[in-house]
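Asks: Sequence:
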Amino acid sequence: MQKPRVLVIDDEKNIRRTLSMILKGDGFQVAEAETGEEGLAMATEKLFELVILDVNLPGEDGLQILPKLKKVSPRTSVVMVSGQATVQIAVDATRAGAFDFIEKPLSKDRVLIALRNALRLSQLDLQVSAMQDEESMRYQLVGDSKGLNSVLRQIDKVGPTPATVLVTGESGTGKELVARAIHGASSRKDKAFIKVNCAAIPEELIETELFGCVKGAYTGADRDRDGKFTAADGGTIFLDEIGDMSLKVQAKVLRALQEGEIERVGDTEPMHVDVRVIAATNKDLMKEVQGDRFREDLFYRLNVIPIVVPPLRERREDIPNLCEHFLTRYAVENDLPRMELSKKATLALSE
1 MQKPRVLVID DEKNIRRTLS MILKGDGFQV AEAETGEEGL AMATEKLFEL
51 VILDVNLPGE DGLQILPKLK KVSPRTSVVM VSGQATVQIA VDATRAGAFD
101 FIEKPLSKDR VLIALRNALR LSQLDLQVSA MQDEESMRYQ LVGDSKGLNS
151 VLRQIDKVGP TPATVLVTGE SGTGKELVAR AIHGASSRKD KAFIKVNCAA
201 IPEELIETEL FGCVKGAYTG ADRDRDGKFT AADGGTIFLD EIGDMSLKVQ
251 AKVLRALQEG EIERVGDTEP MHVDVRVIAA TNKDLMKEVQ GDRFREDLFY
301 RLNVIPIVVP PLRERREDIP NLCEHFLTRY AVENDLPRME LSKKATLALS
351 E
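Residues in the sequence shown are numbered consecutively from 1, following the UniProt record's numbering.
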């Protein structure tokens, strides 16, 4: 395993030497720089996981170097040190992106604790970033066909708005991917995205699943329970296969859309929720309305922005890109070498 790299930027030779001995003895690789400009040049050419940066330096001081350092190496954790520390300097350093601030004279234990904590946080950030990249790959809309580009343009337009969206299309066309893309393009992207498969939940349970219940509302309700709408508060709820929802539950969903209120099963007090609703179905909801299986008022509340996802047979030119995407994803998820389909195989799939 490679040792973590630390860059020590300090104009005092004895301090650099002492820190270098301490850090090497604790398993770090150490490089030294006498000025901020020299350290910045080194950080530009080589990645350092950690930097110890003195505030008082000849030329540009540490507070001037810090933002430049974070710009060229955003993932590097910086620990500031100073022999003339003030609260304001510490605050300025933290605002500029420093992980920690240590006063001189430096304590061996204090320095090592600060660096270990910074390294631990940096490693967690990398893990989160890798998970986010993997998640992004899993839910990516892939293709460059006319049909898919039309959907992507609609997502770009509707994403930043609070509008309710109804996504329609055959099973397997990627309606959930569209819903996630809309959520990702909205101001709610850092909040919850809650998916509910309305067809997979028994009719007698879906009301509790969506809206929650209070203790004693029915046999087995031994505690208060929040539903999916509460979990999605501030974010987005995706009601997949909403065409399979019962008329009774449809009435409660309509109230949530109209009033921004829900009522838990067995409760008499409404609760306010701030939830964006995206619904999807593979059914023709207008036919369901005409057959009295779906509420007309709910249909029009959901169908504010309709997005129709075309089936793959109508965008065959996307198949080569999809093949490459799934092979890459398979290789990443299973830690395997990247694979490629032959031209003959790709052509066969595209016919």
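Just so you know, these hints were derived from the structure itself, not from any lab. The structure displayed is predicted, hence computed values, not measured ones. Treat the hints with care, as some may be off.
[Claimed, not checked] Derived CB-CB ranges, DEER-like:
no.: 1; residue 1: 41; residue 2: 308; range: 50 to 60 Å
no.: 2; residue 1: 91; residue 2: 296; range: 41 to 51 Å
no.: 3; residue 1: 259; residue 2: 161; range: 38 to 48 Å
no.: 4; residue 1: 303; residue 2: 171; range: 14 to 24 Å
no.: 5; residue 1: 226; residue 2: 305; range: 25 to 35 Å
no.: 6; residue 1: 292; residue 2: 321; range: 20 to 30 Å
no.: 7; residue 1: 109; residue 2: 161; range: 50 to 60 Å
no.: 8; residue 1: 44; residue 2: 317; range: 39 to 49 Å
no.: 9; residue 1: 336; residue 2: 226; range: 17 to 27 Å
no.: 10; residue 1: 95; residue 2: 311; range: 50 to 60 Å
no.: 11; residue 1: 124; residue 2: 71; range: 14 to 24 Å
no.: 12; residue 1: 124; residue 2: 289; range: 27 to 37 Å
no.: 13; residue 1: 332; residue 2: 74; range: 52 to 62 Å
[Unchecked claim] Pairs of lysine to any residue, SDA-like flavour, derived with a Cα cap of 20 Å:
no.: 14; residue 1: 252; residue 2: 288
no.: 15; residue 1: 108; residue 2: 41
no.: 16; residue 1: 248; residue 2: 293
Idealized CB from N, CA, C, for every residue including glycine.
Asks: Work down the list of hints and note, for each, if the structure agrees.
Replies: Checked hints:
no., hint, verdict
1, 41 - 308: 50 to 60 Å, "55 Å, holds"
2, 91 - 296: 41 to 51 Å, "59 Å, violated"
3, 259 - 161: 38 to 48 Å, "20 Å, violated"
4, 303 - 171: 14 to 24 Å, "20 Å, holds"
5, 226 - 305: 25 to 35 Å, "28 Å, holds"
6, 292 - 321: 20 to 30 Å, "43 Å, violated"
7, 109 - 161: 50 to 60 Å, "54 Å, holds"
8, 44 - 317: 39 to 49 Å, "42 Å, holds"
9, 336 - 226: 17 to 27 Å, "41 Å, violated"
10, 95 - 311: 50 to 60 Å, "52 Å, holds"
11, 124 - 71: 14 to 24 Å, "22 Å, holds"
12, 124 - 289: 27 to 37 Å, "50 Å, violated"
13, 332 - 74: 52 to 62 Å, "23 Å, violated"
14, 252 - 288, "18 Å, holds"
15, 108 - 41, "27 Å, violated"
16, 248 - 293, "11 Å, holds"
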